[in-house]
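Fit chain E to the supplied structure of chain A, relying on the hints for placement.
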Amino acid sequence: MKIANRKIGSASVFGLALGLILFSGVHASAGDSEKVAAKYEINIQDFSFQPMTLNVPVGATVTWTNKDEEPHTVFSSDDMFKSKALDTDEKFSFTFTKAGTYKYFCSVHPKMVATIVVGSSKNKSEPMKTDETEKTN
Amino acid sequence: MPKGNIITENLNKDGIDRRSFLKCMAWAGTGALCVLQGGVLKSFALGDSAIHGMHKMKGELAFVQISDSHIGFNKAANPDVVGTLRQAIAKINALPTPPAFVLHTGDLSQLSKAEQFDTLEQSLKEIHTDKIFYVPGEHDVLDDNGAAYRERFAKGSIGDGWYSFDTGGAHFIGLVNVMNLKAGGLGNLGSQQLEWLEKDVKHLKSSMPIVVFAHIPLWSVYPEWGWGTSDSEQALSYLKRFGSVTVLNGHIHQTMRKVEGNVTFHTAMSTAFPQAAPGMAPTPGPMKVPVEKLRSVLGITDVNFVRGHHTLGITDSTLDTAI
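Those sequence lines, one after another, are chains A and E.
Start counting the first sequence at 173; every next residue gets the next number (the working numbering).
Start counting the second sequence at 6; every next residue gets the next number (the working numbering).
If we strip away everything but chain A, and leave its shape as in the complex, we get (with noise of 0.2 angstroms):
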């Protein structure tokens, strides 16, 4: 949820920049707005990776950021993507070209699972395009 709205308030912030000087600042640093609405983050934190479940667009790069004392690796299950170990605060991007479910864990903590979706229904048709037009209100 917590990302949705951060792309949802960026998208947002592009719209209304023109017209509101208080958001000028915000503004500046969102710059692309659409490489900004195709970035996804999650943390990986109390061993667990924080969404578990994350529903993101064709062509979304997702990060991840190791925020625990202990070392987690990124690992799908179907070998499509695989981080190094990650020490604390370190990162791993994957960007996800192809719709689909994919299920990843931690090789070194395999209770730890979760799913990115990409391209489900609510943003299966142009969420670039949708992003911008819809939700600039």
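No lab work stands behind these hints: they were computed from the structure.
Remember, predicted model here, so these are calculated numbers, not experimental data.
Errors might be hidden in some of the hints.
[What the hints assert, rightly or not] Partner residues are not named here, just some residues of chain E that face chain A (Cβ under 10 angstroms, in silico):
hint : residue
1    : K80
2    : Q115
3    : A119
4    : S128
5    : L147
6    : T288
[What the hints assert, rightly or not] Here are some chain A residues the structure puts well away from chain E; computed CB gaps all over 10 angstroms:
hint : residue
7    : M224
8    : V230
9    : T233
10   : T235
11   : S249
12   : F253
13   : A257
14   : T260
15   : S265
16   : F266
17   : G272
18   : T273
19   : Y276
20   : P282
21   : V285
Note that the Cβ used here is the ideal one computed from N, Cα and C, for glycine as well.
Only chain E this time, still in chain A's reference frame:
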């Protein structure tokens, strides 16, 4: 606890009934010595002056287990893991009977880095013993499936690093249960290793005492935190016919024991940092204790084996106690 508490209920051929054995084991966490002597199990509090006499009289084979040194860890739970490892080494070197060898049950390093393996290896050279045997923890096989670990610590081993050897009249088996872990699963031995194990023990007489050591517990300590091994039951089925099986593990950074038939399961403390008791914290991560308490939750395990008897004497001692 009464000093020199001799247990006199002898219900089986070992001279030890299960209830009394468990009663003795219950003292382990607080620093007790359980020793089999003349077929009678005795328990002593650590620090009891009688222990020195016991050490001299008993035992044809004495060895030490250490575990979970996590060299490279530098967070609040213990910013000086090399320092506490050195204290553990000093404790081993102060034992009345020098250990024939030392078993390190894994997580030598925090991140499988060459310099971390170096520091561990150099530090352990200070131990007054002939040989150190290793099994890997999940922290030792990151990114390279354990290649660097095996090159340094398990030369001549089979598969992912398993092996066995005979010494002092007992058969020792080092197993690897930290590789190829499956999503949602526990520790894992795998079919190749299980096959090897079955063959490895096939030719042994049932009277041969067996000591198995591996990183993740080979019994279900707390599956919710991954503290168990999915195919350990199959491994143990190959050992059922043996009169004495001792299973030594690490991973959970605390002592825990279970006796099941002829099998005694035991986990050792870490030399680096403690972890919470099962379910007593939100996660199994490093547990921060007050600095002055740290040495009371780290330690070593001293194991004594008397030929002809079916139970090994296992003593856990923390870094803050004098042996």
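These are the hints, each one checked on the structure:
Look at E/K80: its Cβ gets to within about 5 angstroms of chain A, closer than 10 angstroms, so that hint holds up. Proximity of E/Q115 to chain A holds as hinted, the smallest CB-CB distance being about 7 angstroms (cut-off 10 angstroms). The interface hint given for E/A119 is broken, as the beta carbon of that residue sits about 14 angstroms from the closest beta carbon of chain A, more than 10 angstroms. The restraint placing E/S128 at the interface with chain A is violated, with a minimum CB-CB distance near 21 angstroms, outside the 10 angstroms limit.
A distance limit of 10 angstroms between C-beta atoms decides the matter here; for E/L147 the minimum to chain A is near 4 angstroms, and the interface restraint holds. Checking E/T288 against chain A by beta carbon gives a least distance of about 4 angstroms; that is within 10 angstroms, so the hint holds. Even its closest Cβ contact with chain E, about 12 angstroms, leaves A/M224 beyond 10 angstroms, as expected for a residue assigned away from the interface. Listed as a non-interface residue, A/V230 keeps its Cβ farther than 10 angstroms from every Cβ of chain E; the least gap is roughly 24 angstroms.
The beta carbon of A/T233 sits about 23 angstroms from the closest Cβ of chain E, which is more than 10 angstroms, so the claim that it is off the interface holds. The Cβ of A/T235 lies farther than 10 angstroms from every Cβ of chain E, with a closest approach of about 19 angstroms, so its non-interface assignment holds. Listed as a non-interface residue, A/S249 fails to keep its Cβ farther than 10 angstroms from every Cβ of chain E; the least gap is roughly 5 angstroms. Under the 10 angstroms C-beta cut-off, the non-interface status given to A/F253 relative to chain E holds; the minimum distance is some 14 angstroms.
Remark: the non-interface label on A/A257 conflicts with the geometry, its nearest Cβ contact in chain E lying 4 angstroms away (cut-off 10 angstroms). For A/T260, the condition that its CB be more than 10 angstroms from all CB atoms of chain E is violated, with the nearest at approximately 7 angstroms. Here A/S265 stays apart from chain E, with its beta-carbon at least about 17 angstroms from theirs, past the 10 angstroms limit. Look at A/F266: its CB is around 17 angstroms from the nearest CB on chain E, clear of 10 angstroms, so calling it non-interface holds up.
For A/G272, the condition that its CB be more than 10 angstroms from all CB atoms of chain E holds, with the nearest at approximately 16 angstroms. The non-interface label for A/T273 is consistent with chain E: the shortest C-beta to C-beta separation is roughly 14 angstroms, beyond 10 angstroms. Residue placement check: A/Y276 does not keep its beta carbon more than 10 angstroms from all beta carbons of chain E (closest about 8 angstroms). Annotated as non-interface, A/P282 brings its C-beta within 10 angstroms of a C-beta of chain E; the closest such distance is 4 angstroms.
At roughly 5 angstroms, the least C-beta separation between A/V285 and chain E is not larger than 10 angstroms, which violates its mark as non-interface.
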